[in-house]
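Produce the complete structure using the sequences and hints provided.
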Amino acid sequence: MVARKALGAEGESFEIDIERGKIDEFARAVHATHPHHFNGREVVIPATFLTTMFFWEKRVPGSNPWDLIKMSEERGMHAEQEYIFHGPPPKAGDRLIASSTITELYDKERRSGGTLTFVKMTTAFRDPETGHLRAEAILTGVERQ
Amino acid sequence: MSAQLPASGSLGPLSRTDFVRYQGASGDMNPVHHDETFAVNAGFPAPLAVGMFTAGALNAWATDALGPENVRRTRIRWKKPCFPGTTLTFSGTVERTYDHEGETRIDVALTATDQEGDVAVFSWMTFVCP
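Protein chains in written order, with our numbering: chain A, 1 to 145; chain B, 1001 to 1130.
A partial selection of chain A residues facing chain B, derived with a Cβ cut-off under 7 Å: (1) T33; (2) H34; (3) H36; (4) V44; (5) P46; (6) Q81; (7) Y83; (8) I84; (9) P89.
Subject to a maximum C-alpha distance of 35 Å in a straight line, what follows is the list of computed DSBU-like cross-link-like pairs (lysine-lysine): (10) A:K91 x A:K58; (11) A:K58 x B:K1079; (12) A:K5 x A:K120; (13) A:K70 x A:K5; (14) A:K5 x A:K58; (15) A:K70 x A:K108; (16) A:K91 x B:K1080; (17) A:K120 x B:K1080; (18) A:K58 x A:K108; (19) B:K1079 x A:K120; (20) A:K58 x B:K1080; (21) B:K1079 x A:K70; (22) B:K1079 x A:K5; (23) A:K108 x B:K1080; (24) A:K70 x B:K1080; (25) A:K22 x B:K1079; (26) A:K108 x B:K1079; (27) B:K1080 x A:K22; (28) A:K22 x A:K120; (29) B:K1080 x A:K5; (30) A:K91 x B:K1079; (31) A:K108 x A:K120; (32) A:K5 x A:K108; (33) A:K120 x A:K58.
Chain A regions said to be covered by chain B (calculated; three or more residues, Cβ under 8 Å): (34) 15-27; (35) 50-60.
Note that these hints are calculated values from the structure, not bench results.
C-beta: ideal position from N, C-alpha, C; glycine also.
Structure representation (structure tokens):
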């Protein structure tokens, strides 16, 4: 059972440096071939690149409130993922400040019986100087009850 | 601009090396995607493809055509697991062209379909037309 009291939980904020070498490595791993991931004045991230926030949140204890959900490893799964960019996606050399919040938790009855519990975590990526919202990542997990 | 996606694309046959390379790049080191013994004990016939790998490749197929700097949104939903040996066919359609705060945007609907004809990944993306 997911821990319902985790709804609204907010993690510590953490810094992300968008690195050219990481963009190159990630772009090759998803078989992206567009030259703007590899060369030129502005090296742009692949659409799903912000998943590499894994590396950065590990540096800050308490940054990932998903742990508080305690979703079952056997009955839980990654159901949906969304990235929203408010303007052009980040590029190599950008620094972002991210923070994650458990934003939704709800049940759906299955037609076949039983209940599915959905949990959403939204991570906001902001410009550290201006506070401008650059991007959002929305993770949806589901657990069969 | 007349935004165009290619008629189709393909990826595969997927290999364990694809999964390992993606895991190293992304930081998701869940053993179910590379450790044969772990995967079999978890009830799978072989290591499971990383969902964010197949989704990332589907999105890369679209951004290769429409420009990575033009992406404004992607939403991904998984329908069926993939395993080593799976070959995916990518296809997509432009669903809508519209004005958003003075710029032209398009919404595209994408699918990655396996060799049995089943959809493994859906994605909906929004692009700015340059």
